[in-house]
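Can you make the complete structure from the sequences, with help from the hints?
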Amino acid sequence: MNAEVSLVLQRKYEQLQQLADDPSAQISQVFEKSLQYVRRFSRYQNPDAVKQVREVLTRNQLHEFEVCVIGNLCPETVEEAKALVPSITKRGRMDDEKIETMLTDLATIKKFE
Amino acid sequence: MFFEVEMRRSVMVEPHELGGTLQMQRAMLRRLIKDVEKEVGSDEYGFHVAVTTVNGVSGGKIQSGTGAVVFSVDFNCIVFKLIEDEVVEAEVVSTGQQGFFVSCGPYASMFIHRKEMTGFSFQPGPSPEFNEWRDSGSVIHPKSLVRVRVKAHSIWDPKRKTFNVAGTLNGDLLGVVVDETGKDDED
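So the sequences go chain by chain: D and F. Counting from 573, one number per residue, gives the positions in the first sequence under the numbering used here. Counting from 4, one number per residue, gives the positions in the second sequence under the numbering used here.
What the hints contain is simulated information worked out from the structure, not anything from laboratory work. All values derive from a computational prediction rather than experimental measurement. All C-beta atoms in this analysis are idealised placements derived from N, C-alpha and C, irrespective of residue type, glycine included. Just to be clear, a hint being listed does not mean it is correct.
Claimed, not checked - Here are the simulated DSBU-like cross-link-like pairs (lysine-lysine), alpha carbons at most 30 Å apart as the crow flies:
1) Lys654(D) - Lys37(F)
2) Lys154(F) - Lys605(D)
3) Lys605(D) - Lys37(F)
Claimed, not checked - Beta-carbon label-pair distances, calculated as ranges:
4) Arg631(D) - Gly22(F): 44 to 54 Å
5) Asp175(F) - Glu586(D): 35 to 45 Å
6) Arg665(D) - Val8(F): 20 to 30 Å
7) Thr676(D) - Ser13(F): 46 to 56 Å
8) Gln100(F) - Glu604(D): 28 to 38 Å
9) Thr55(F) - Gln633(D): 21 to 31 Å
Claimed, not checked - What the simulated footprint calls covered on chain F by chain D, stretch by stretch (three residues with Cβ under 8 Å from a Cβ of chain D suffice, anywhere in the stretch; the number is not a length):
10) 52-62
11) 121-133
Pasting the structure below:
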């Protein structure tokens, strides 16, 4: 999820500054663009909140792909979640009530972040 | 989206870097990071973002002639690759008659064709930065944020060191994103 990667890349950025011989050494374009992207598009900043989000999503038995898309986009309604990640409803994996509970849990984490 | 993958590379340590264990480890790590960054990306994993942990080092063959030592390093690396059907948020970089381009992390340009944005019409501006696409509710211009679904993804282009990606705005809950508070829906 973007939020998790944001925490990792921030730490990496500080490490890279220390590791480089040459203080003006350039950080790679890919790293820089990725760091900017996750800083901008992370929904959660607090590391504990991020952990809780992952917990909520994995305990609903979502596949990694689904965990990431929902964690990155934070759908607010059941319809939104189903439109973004249609696979969560396939083969009766999650009914509307379960999805609703999951989204409410995520919203609560966000509120108390 | 981001993934963390296991990779293996051969890393060369120059003779002048060989010394204490710590010095050699730092030299090896620096070299590894440089090599991985230089590749920029690959077909299998997408863009190489950052080396995270080193899992194991083996080998240690001395090259005849130079005296450099080559190690085989197993490590974890964060990579970024867009997946078909994934919905992502992205920033518009340019708008034109045929559609518009967005950037998404290390992907500098993902193209959304005008056929993939039904309901929008093109409004040319006095210069390219002012070109817009408008529909009844929302406007797309450079710096707008949009939610797009990834439609097609090419293989790695080794010359340009990037992928070619196409996206769509056609679909529920896709379209222009307004601030952090709400979202404009484009159906």
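For each hint, the structure was consulted:
Under the criterion of a C-alpha separation no larger than 30 Å, the hint pairing Lys654(D) with Lys37(F) is inconsistent with the structure, at around 42 Å. Pair hint Lys154(F) plus Lys605(D) holds up; C-alpha atoms about 22 Å apart against a cutoff of 30 Å. The straight-line distance between the Cα atoms of Lys605(D) and Lys37(F) is roughly 17 Å, inside the 30 Å bound, and the hint therefore holds. Taking the beta carbon of each, Arg631(D) and Gly22(F) are about 49 Å apart, inside 44 to 54 Å as hinted.
Range check, Asp175(F) to Glu586(D): Cβ separation about 41 Å, and the 35 to 45 Å hint holds. Look at Arg665(D) against Val8(F): about 27 Å separates their beta carbons, and that is inside 20 to 30 Å. Evaluation of the 46 to 56 Å hint for Thr676(D) and Ser13(F) yields a pass: the beta carbon distance comes to about 50 Å. In this structure the hint that Gln100(F) and Glu604(D) lie 28 to 38 Å apart at CB holds, the actual value being about 31 Å.
Distance hint check: the CB atoms of Thr55(F) and Gln633(D) are about 26 Å apart, consistent with the given range 21 to 31 Å. Evaluation of the coverage hint for the stretch 52-62 of chain F: fulfilled, as 3 residues show C-beta separations to chain D shorter than 8 Å, against a requirement of three. Remark: the stretch 121-133 of chain F is not confirmed as covered by chain D, as 0 of its residues place a Cβ nearer than 8 Å to a Cβ of that chain, below the required three.
Hint compliance for this structure: hints 1, 11 are not met, and every other hint is.
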